[in-house]
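Asker: Spelled out from the first residue to the last, the chains are:
Number of protein chains: 2
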Amino acid sequence: MILKSLMIKIDRASRIPIKDQIVEEIKNLINQGLIKTDTALPSSRVLAVKLGVSRYTVYQAYEELQVYGHLKSRPGSYNVVQKRKKEAPFDPERKSIISWEKVCNESSERLFAGYLKNLADIPTRSQQKDPTVINLTEMQLDPSLFPVENFSRCLRHILSENGQTAMDFCSPEGNEALRDYIAQRLGLHGISTSQDEILITYGSQQALDLIMRLLCRSDKKVVIESPTYYNIIPLLQFYNSSILGIPMRHDGMDLGQLERVLNEEAVSFVYTIPNFQNPTGLTTSHNHREKLLNICIKHRVPIVEDGFDEEMKYSGILPLPIKSIDEKNIVLYLGTFSKILFPGLRIGWVTADKDCIRRLTALKRTSDLRCGNLTQTALAYFCQQGYYDLHLRRLHRIFRNRLEVALQTMKDHFPKTTSWTRPKGGYSIWVRMPKKMSPIQLHEHMSRYKVGVSPGGYYFLQQSESEYFRLSIARVGAEEIREGIKRLACALRELSLETDLPSSS
Amino acid sequence: MILKSLMIKIDRASRIPIKDQIVEEIKNLINQGLIKTDTALPSSRVLAVKLGVSRYTVYQAYEELQVYGHLKSRPGSYNVVQKRKKEAPFDPERKSIISWEKVCNESSERLFAGYLKNLADIPTRSQQKDPTVINLTEMQLDPSLFPVENFSRCLRHILSENGQTAMDFCSPEGNEALRDYIAQRLGLHGISTSQDEILITYGSQQALDLIMRLLCRSDKKVVIESPTYYNIIPLLQFYNSSILGIPMRHDGMDLGQLERVLNEEAVSFVYTIPNFQNPTGLTTSHNHREKLLNICIKHRVPIVEDGFDEEMKYSGILPLPIKSIDEKNIVLYLGTFSKILFPGLRIGWVTADKDCIRRLTALKRTSDLRCGNLTQTALAYFCQQGYYDLHLRRLHRIFRNRLEVALQTMKDHFPKTTSWTRPKGGYSIWVRMPKKMSPIQLHEHMSRYKVGVSPGGYYFLQQSESEYFRLSIARVGAEEIREGIKRLACALRELSLETDLPSSS
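Protein sequences, first through last, are from chains A and B.
FYI, the numbering for the first sequence is 14 to 518, going by the working numbering.
FYI, the numbering for the second sequence is 14 to 518, going by the working numbering.
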């Protein structure tokens, strides 16, 4: 049977394209059984005339219905409705017959439990988005500082000049021009390297992941600072590593303790953040760096040096990276552009001994083939044009001020029962409160004062209650920082009153 | 001691910015010992006058020298040269004192060995770039088909309209608008899902990696088709999975054998590519899909369905995905934009039961936090604007033609001693030669005829010699495909002559 026409309603005022309207209407007619299987639809010419649309529009609609299995056609013949196989209907409550918690492996199930616990602790997104709460929680750069204009300009340039190459794939090691720039840039920090010793990763988090894939093993332990970067802990636990936390002193991890540990235990690697450590904001001295390096050389244990904040030295003379004095080539040095340019970029890197980089490259290739070339190409051009330098200078000026404002306001307002670090760069300050609190208690207490900070407990191996919190100046401007710290001061004074410490006022 | 001036040569004709020249010159003077430690440099005002440059330029140069530790200064005071800590000099031949092959874990060292072997097999980049060799090797889309213009337009639009949001971070699950679009798009293929059941990944390779992190366990095996997608094999080996390969028949994997395996073995998941399988180009029937699903439901074993080529159905009616009839929610379905839009994008996804997606999200968050938001936002906009549909229609037209040309030329020219598959979409055709060859033998033989194909051995668990190769129509146009296949025909005729088969001509 050949239909002469179809009862189709076209709404020319709608924002939905006419082709899509035709597709939708015909699908509905078929699904409701109003057009039966094996019925031939009108020719595209006939239907176009009836509907008062172009023949091409009908042609496109029929083509789409063919591709998705509603119509079959032979060249030069009518389009015939075909019975489509039954589809599983959408049900938001539908359950799998598989119990994922039973089929998953133990490591991932443990990781998932930690993830859920953390989600329960952390304020929900809607709370974070409450505009009356001042956000001193996040380490992601303030969006008003993103180099939107200049990055757009670079994307435009590379796409118009050589779009096909930028959109094509690059080697697993990453875009060559970008690796070249990073090598050159690292020279400014005293690190001599070349593009062959650099692997581009999706942020420094992926570099950490690949390093663990390479080095973690059941017969060795991993040494971290305590407290340390939150996101390394679940990762190490996933790789079933035994973790040894070495306490942070004023000049970095306790080296006496490190030496004792390395004498007694087999260690895969030592993880350290020498500049403006996350979360403490502490920077180690050159002397500490040299000693740490020598201890690890003596025990032939690789150092993983996280330089995520290397470029955020706002003022004063700060020591060069451990990697800069690493003549024995035992340091794997990580960096990232995501913290300093914009978080939606996800480009980091690791530089290390060539043999180590080749192994990491094999792992990278296996896990996701390579990083996206388009953003890498744009970033390389952005850097080559000097926009990166320009951006960095602007950031230094702004953050030097934010940091001064933060530290001065803390000095002026925080109760005597608290103490805190005085970083020379980076985004974070580490505050000791007059009493211990669980993450959820801290969150609730601070929420009442309309200010958000990050609970100290997160940064220790045993993620429990803590007398610390981390304050970040990354996400909001100087005025908001000042106001946020004043609110914190009130919240802290209330805590002081609750405690029996003689020094509380 | 305060210097009155400095012997600095500025080259105004140079492309190197003057600020950088000043930095470089002063660094050299310090490094050569011509300016001693503790010497104060001229004020920026004085030096600017002497050099005939702006004071700001000198100020910037001094600032850079401070940041990188060559100068120290107090506000309002002179810049004083300071002794910089000794740096490790760059030596391309330098070796680490660490033997990486000994400190790495076994899995990664095994993976690295495979990677090196594969690198040795595969022609080097320079050979691949030989313009006289016709590339029928790669599965990456022909750059001349990249939607450069329209994608640029979308990037421009989102950056100018809402750049800060696009450059900010998104949730670990991925950009919401993109997940919404994917959910809607999957509806066209009969898959009913929602953004809560979708996780964005760096290509479908990362989706595979995350699924293995979740599901691989030492007490279970993984079932794959034999042959199958090359890159899944090293990944499974890395996760120490025992792998069971089920032979491919004309209508997909041998289901009798699958059933026997599932009766006898504990299996983590079954991996299948139902459309235009890589490498064979075979598409399974609806009947096969239904049976496969029922077998796996019976044994409560998840199916990992790789739909990387779902959108590349050029003609005819093809069955809907297994996921579309998955009422028990046991299928994890993967897709990607990278194969169809451009390889430098690296955006794929997985959709599955919500509980499974939440677990995969926890793993994603731990391994690299989240995907880059900028490209996701641009892609979502590109799709919403209808550019994706437009691109796909164009691709279908072009590849329908390429495939016809390829199959016709093979029919006209290939010797009778060969046989091959006749796919209805996708990029790959699977050819059986009159004799077995190792990858390196095949490569050398085909190189003499100036054509490149992918050795069949790669796609089997035991990567050795094989009588198959894969031919891809992804990377070059119809005319080159025709010429490439004629060259292959000559190469194959020579092989036929070498064999003793009675049918060789």
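Hints are supplied without guarantee of correctness; some may be wrong.
Between beta-carbon pairs, the in silico distance windows are [as the list claims (entries may be wrong)]:
1) A:E174 <-> B:K49: 46 to 56 Å
2) A:R25 <-> B:H170: 22 to 32 Å
3) B:S173 <-> A:N253: 43 to 53 Å
4) A:I15 <-> B:Q270: 41 to 51 Å
5) A:T145 <-> B:K49: 56 to 66 Å
6) B:T50 <-> A:E303: 16 to 26 Å
7) A:E496 <-> B:E106: 23 to 33 Å
Taking lysine-lysine and the DSSO-like style, the derived pairs with C-alpha atoms no more than 27 Å apart in a straight line are [what the hints assert, rightly or not]:
8) B:K63 <-> B:K40
9) B:K499 <-> B:K448
10) A:K304 <-> B:K85
11) A:K234 <-> B:K499
12) B:K85 <-> A:K115
13) B:K234 <-> A:K85
14) B:K115 <-> A:K341
15) B:K40 <-> A:K108
16) B:K108 <-> A:K304
17) B:K233 <-> A:K108
Partial list, computed: chain B residues near chain A (C-beta under 10 Å) [as the list claims (entries may be wrong)]:
18) K108
19) P160
20) A179
21) L248
22) E278
23) I308
24) I310
25) N342
26) F355
27) T390
28) L405
Derived by calculation from the structure, the hints in this document are not laboratory data.
Every residue, glycine too, gets a C-beta built ideally from N, C-alpha and C.
Asker: Against the structure shown, which of the earlier numbered hints fail to hold, in ascending order?
Answerer: 7, 11, 12, 13, 15, 22, 23
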